[in-house]
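Chains as they are written, first to last, in the numbering used here: chain A, 117 to 385; chain B, 344 to 603.
Do not take every clue at face value.
Stated by the list, open to error - No farther apart than 25 Å at their CA atoms in a straight line, the calculated lysine to any residue pairs in the SDA-like style are these:
1) K452(B) x L229(A)
2) K286(A) x Y476(B)
3) K294(A) x T437(B)
4) K286(A) x T392(B)
5) K294(A) x K414(B)
6) K286(A) x K414(B)
7) K286(A) x E499(B)
8) K302(A) x L433(B)
If you're looking for bench data, these hints aren't it; they were derived computationally from the structure. Please read these numbers as outputs of a predicted model, since none were measured by experiment.
Listed here are the chains, written in short residue letters.
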Amino acid sequence: MMKTKTSVKNAQTEYVRKIKRRQFLIRVYQILIFITFLFLWEYTAKHGIINDFIFCCPSKLFATFVSMLKDGSLLHHIGITLYETLIGFVIVILGSLGMATLFWWNQTLSKVLEPYLVILNALPKSALAPVLIVWLGANKTTIIVCACSVAIFGSILNLYTGFISVDADKIKLIKTLKGSRFQCLKLVVLPSNVPNIISIMKVNIGLCLVGVVIGEFLAAREGLGYLIIYGSQTFKMSNVLLSILILCVIAMLLYTLLQHIEKKLAEYF
Amino acid sequence: MGIPLLEFFNVNYSYHTISCETQTLKDISFNLNKNEFISFVGPSGCGKTTLLNLTAGLLPLSSGAIRINGKPREESDVNIGYMLQKDHLLEWRTIYRNLTLGLEIQKKKDASHIEMMEDLLKTYGLWDFRNAYPRQLSGGMRQRAALIRTLALSPEILLLDEPFSALDYQTRLNVSNDIGSIIKEKGISTLLVTHDLAEAISMADKVIVLSKRPGTIKSIIPIEFGDNRRTPESARNAPEFNKYYNQIWEAIHDENEDFS
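Just chain B, same shape as in the assembly:
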């Protein structure tokens, strides 16, 4: 197996305001292997997004360590893609210029990157809309565009922060199915944060349940279906699905009772 791609060692994170110090993450340790998909679920405010921000290097750790490919996070040159809740396409740029945004920033607008981006654009049905502005696209298309913008930089680790929560139910199923297949096909290691248990299970190899603030790891539940060529859609229909659903539901439910 070798070294895991991403390792968290006893990570703590607190933020400060004038009135107090608030700890949002406490003693978080886990590994993300290559090609692995981990979903995080837990009550709101348990630090799920903070966990992604720490991984992306947007926030400094309070204590503990994050290692990527065995090296401290700051020294690693692994590309990390981050998809936020909303698509945040820039309204004044065409879809095409929105998708090259990352390449532009990282000065990677060379032929090979552009070609790869254009392939994605064609594969996911947005080629005909490349000269349209974001407001002309539906919610699902916009979210796909946001994914392509992230994938254009060929990330090895993908961070998804409730990327489907702004979509309506039907679109959400379709888009999560699409995105799930892209991730599997490209073999990108992924951390997903979500409120939706079904979504968490259907896409993941492992579900990690976090407790209420300060977030600690409550349980790590490996997800295995008989069929190893599953898609998020087939997973939802698999016989084991309900078992996992109940198991995770109980893990979160326990938590709520402790505090009530």
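Chain A extracted, bound-state conformation:
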């Protein structure tokens, strides 16, 4: 009896050990790829295999990073981009929740507006950006509107689809309990769409960042998008690549943050 128990326990520890080892190896390979890439980049640039004026190199990048960090300009640009992205994101989420609710409430309205939404969603929004600058001026508002325009139409369509595909019998249940339309929305439609809302948020945070960078390309004097355009025009490649790298990190962090919220919420759903 005792023996089988120990052997079962051993088999279990063995299994856990295997899984953990595999996860560890995956992480090691990921880091190795990154280090190899940095090394090859630095090596080829130093030995003139690639032109380090055009392609830059990790050591230059790091030097730029430190000096921009010291004079505070880097944090300023990051802050501006983050601020615009988050404002845009909040507007997109609240706006699309509001619109999807309105469409759920009045399905005739949704039928009327659907083709327009589909067209606006399919339109490449970068085409809109120059028009927005003419209309709204080269300022933060333009950039935030630009970010919203990239994300909001798809977001409304997705949310609305989620709203109307709620189990009709659950709505019937609320009605048999003499619930109002508003109670159907509050007690069934919104809560059953929480996972859907989170996944839409995950997509939209990335889209808002895209919108902000497009906006900053065309209409800004600050922000990472501006840094990229300005850097490429003045051949400060270390500025350009550093900004791109930071955008990668921001995108990843924002996504991870939402994933974390999703996990927390998943415990309740």
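Since the structure of chain A is provided, determine the placement of chain B on it from the hints.
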């Protein structure tokens, strides 16, 4: 006897699509007395569920009238409980909060209603699961929870739309037995819609056989067993059970032959 609790007078119901009008119920008249249990059986698509939806006021009548306590349905304040085929417990609420859903909607979350609901919860063995989520419960427990949610509003009329059809056979017998006893004990007047003839007979005082679409009343068969303190279980074992079963089977069978 007084006025029956629920009366149907020549009720017709049709629904419309772009291509045609479909009549699902034709000339339905019957009475449901206080404490009475009526089962409806009939081929699928004969409008059984429509009949319950009309009673609950979820659909408008095409013609005819429904009266509750002698008043037109719209003016009546009698509480009607409706149990659907599936339990439809909300996955994001605990059992306890699922059961208070009706009270919450009708703003009746006062001490007396809560106490009554908690009593039901204790009686039907769900008290220990009050903080669990629906996915943690078995099918039978979920269906019991759905019944408590309905009973929490102390309905005078209960509508059951194949409430056991999603359960496996064994659970189905147990749950229908439980629910049958609760209904008898509380003296709730009930309309049950089902495909299962045995279930229809074992619980009912009257079985109404509906014809194929458009559903009309084919026959009304009163069910009486010698023992008036019966439960669904004892009814299934009663000597008269088979007689009723065959009688109803024939009523439905006739119907099928007419159309074949």
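Now for the hints, and whether the structure bears them out:
1. K452(B) x L229(A): violated (41 Å)
2. K286(A) x Y476(B): This hinted pair holds, its Cα atoms lying about 17 Å apart.
3. K294(A) x T437(B): Given pair K294(A), T437(B) holds - Cα atoms ~21 Å apart, limit 25 Å.
4. K286(A) x T392(B): Holds. K286(A) to T392(B) sits at ~16 Å (cutoff 25 Å).
5. K294(A) x K414(B): holds (19 Å)
6. K286(A) x K414(B): Roughly 29 Å between the alpha carbons, so the hint for K286(A) and K414(B) is violated.
7. K286(A) x E499(B): holds (23 Å)
8. K302(A) x L433(B): It holds: about 12 Å lies between the C-alpha atoms, which stays within 25 Å.
Violated hints, in rising order: 1 and 6; the structure is consistent with all others.
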